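Participant: Work out the full structure: start from the sequences and follow the hints.
Using the numbering used here, the first residue of the sequence shown is number 1339, and each one after it goes up by one.
Hints are computed from structural coordinates only; laboratory data are not their basis. This one's a predicted model, so the numbers in the text were calculated from it and none came from an experiment. A virtual CB, placed ideally from N, CA and C, is assigned to each residue, including glycine. Any given hint could turn out to be false.
[What the hints assert, rightly or not] Result set (DSSO-like, lysine-lysine): computed pairs, CA atoms no more than 30 Å apart in a straight line:
1. Lys1509 with Lys1403
2. Lys1494 with Lys1366
3. Lys1509 with Lys1537
4. Lys1507 with Lys1392
5. Lys1559 with Lys1579
6. Lys1403 with Lys1537
7. Lys1392 with Lys1438
8. Lys1509 with Lys1438
9. Lys1559 with Lys1409
10. Lys1507 with Lys1403
11. Lys1559 with Lys1537
12. Lys1509 with Lys1392
13. Lys1409 with Lys1507
14. Lys1366 with Lys1403
15. Lys1409 with Lys1355
16. Lys1559 with Lys1392
17. Lys1509 with Lys1494
18. Lys1366 with Lys1551
19. Lys1438 with Lys1507
20. Lys1408 with Lys1438
21. Lys1494 with Lys1438
22. Lys1366 with Lys1579
23. Lys1392 with Lys1355
24. Lys1559 with Lys1366
25. Lys1392 with Lys1409
26. Lys1464 with Lys1537
27. Lys1494 with Lys1464
28. Lys1408 with Lys1509
29. Lys1366 with Lys1408
30. Lys1438 with Lys1458
[To be verified] Using C-beta positions, here's what the derived DEER-type ranges look like:
31. Phe1539 with Lys1403: 19 to 29 Å
32. Arg1455 with Gln1365: 38 to 48 Å
33. Phe1539 with Leu1486: 18 to 28 Å
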Amino acid sequence: MALLDVENLSISFGGLKAVNNFQISIQKGELYGLIGPNGAGKTTVFNLLTGVYKPDTGSIILDGKNITGKKTIEINRDGMARTFQNIRLFHNMTVLDNVKVGLHNHYSYSTLTGIFRLPKYYKVEKEMNERAMELLQVFDLQDEANLLASNLPYGKQRKLEIARALSTKPKLLLLDEPAAGMNPNETAELMDTIRFVRKNFDMTILLIEHDMKLVSGICEKLTVLNFGEVLAQGATAEVLKNPQVITAYLGE
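Facilitator: What follows is the structure, encoded as structure tokens:
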């Protein structure tokens, strides 16, 4: 059984079909790419998968559970997390606290425990601090733990956003253009980071990306969107040879 099965997913805005009969099947452990020209509907697909939008038609099955139309927080608890094309950190919080936000899905205490600082409060906070620091070490951010997130350089903000997503313990991680705005050295480092996350967190990853060097270097399978519809799907090498893909996406 696939980790993610999506069938006939569609949504319209003002009568315009933004995504039409989208389908995808991702096996556990795969590193899968979703590509296409600007405006093809890629981020709309991510918004449908994560509950930002409710589909007009279709179904989304995550690890055997129907999550179609659920709220974003419910989908996150069911095992799906994401990053964004435009980084969305809590800029006025520390690097450490950004990661701890995600941990609250799995660690909790009552309001009274927090107000009166009962023993459980200190126990839970200690456990969350330790887990958050472990994640920051993975991304070499431990020395910046007490800095405001806004003070991190761009590349490290990208890493922090991934660390925060991983703190929710997802089964499926969605990365929306993680290399956007990066220089070649940062992109190469990001590729290594994605490979590391996949291997060491036993993670299944679906990513949107325009950097074709990154896509061809790490993605085993691709789905190509054009005008909201699937243009091609399959093994990366074969999809990138598809004449329709070359014409529509690569502009040749």
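Participant: State for each hint whether it applies.
Facilitator: Here's how the hints hold up against the structure:
Distance hint between Lys1509 and Lys1403 is fulfilled; the C-alpha atoms sit about 12 Å from each other, no more than 30 Å. The hinted pair formed by Lys1494 and Lys1366 meets the criterion: a straight-line CA distance of about 28 Å does not exceed 30 Å. Proximity of Lys1509 to Lys1537 is assessed by CA-CA distance (about 13 Å); at most 30 Å being required, the pair is judged to hold. For the suggested pair Lys1507 and Lys1392, the alpha carbons sit about 24 Å apart, so the restraint of at most 30 Å is met.
A hinted pair counts as satisfied when its Cα atoms are at most 30 Å apart, and Lys1559 with Lys1579 qualifies at roughly 13 Å. In summary, the hint linking Lys1403 to Lys1537 is supported, as the alpha carbons are separated by about 24 Å, within the 30 Å threshold. Under the criterion of a C-alpha separation no larger than 30 Å, the hint pairing Lys1392 with Lys1438 is consistent with the structure, at around 28 Å. Distance hint between Lys1509 and Lys1438 is fulfilled; the C-alpha atoms sit about 18 Å from each other, no more than 30 Å.
Annotation: proposed proximity of Lys1559 to Lys1409 holds, straight-line Cα distance about 28 Å (limit 30 Å). Between Lys1507 and Lys1403 the alpha-carbon distance is near 17 Å, which keeps this suggested pair within the 30 Å criterion. A threshold of 30 Å between alpha carbons decides the hint, and for Lys1559 with Lys1537 the separation of about 17 Å falls inside it, so the pair holds. Proposed proximity of Lys1509 and Lys1392 is supported: the alpha carbons are some 21 Å apart, at most 30 Å.
Using a Cα cut-off of 30 Å, the hinted pair Lys1409 and Lys1507 holds, with the two alpha carbons roughly 18 Å apart. Straight-line distance between C-alpha atoms of Lys1366 and Lys1403 comes to about 14 Å, which keeps the hinted pair within the 30 Å bound. Note on Lys1409 and Lys1355: the hinted pairing holds, with a Cα-Cα distance of about 22 Å set against a maximum of 30 Å. The suggested pairing of Lys1559 with Lys1392 holds, with an alpha-carbon distance near 26 Å, which does not exceed 30 Å.
Simply put, Lys1509 and Lys1494 have alpha-carbon atoms about 23 Å apart, close enough for the 30 Å limit, and the pair holds. With a C-alpha separation of about 24 Å, the suggested pairing of Lys1366 with Lys1551 holds against the 30 Å cut-off. Between Lys1438 and Lys1507, the direct Cα distance comes to roughly 12 Å. Compliance with the 30 Å bound is thereby established for this hinted pair. For the hint linking Lys1408 to Lys1438, the alpha-carbon distance of about 24 Å falls within 30 Å, and the restraint holds.
Straight-line distance between C-alpha atoms of Lys1494 and Lys1438 comes to about 17 Å, which keeps the hinted pair within the 30 Å bound. Under the criterion of a C-alpha separation no larger than 30 Å, the hint pairing Lys1366 with Lys1579 is consistent with the structure, at around 26 Å. Note on Lys1392 and Lys1355: the hinted pairing holds, with a Cα-Cα distance of about 14 Å set against a maximum of 30 Å. In summary, the hint linking Lys1559 to Lys1366 is supported, as the alpha carbons are separated by about 13 Å, within the 30 Å threshold.
Simply put, Lys1392 and Lys1409 have alpha-carbon atoms about 9 Å apart, close enough for the 30 Å limit, and the pair holds. For the suggested pair Lys1464 and Lys1537, the alpha carbons sit about 27 Å apart, so the restraint of at most 30 Å is met. The straight-line distance between the Cα atoms of Lys1494 and Lys1464 is roughly 25 Å, inside the 30 Å bound, and the hint therefore holds. Taking the CA atoms of Lys1408 and Lys1509, the gap is near 17 Å; set against the 30 Å cutoff, the hint holds.
Between Lys1366 and Lys1408 the alpha-carbon distance is near 22 Å, which keeps this suggested pair within the 30 Å criterion. Taken as a hint, the Lys1438 and Lys1458 pair is honoured in the structure, with Cα atoms around 16 Å apart against an allowance of 30 Å. Checked against the given bound of 19 to 29 Å, the beta carbons of Phe1539 and Lys1403, roughly 20 Å apart, stay inside it. In this structure the supplied range 38 to 48 Å holds for Arg1455 paired with Gln1365, their Cβ-Cβ distance being about 46 Å.
Evaluation of the 18 to 28 Å hint for Phe1539 and Leu1486 yields a pass: the beta carbon distance comes to about 26 Å.
Of the numbered hints listed earlier, not one is contradicted by the structure.
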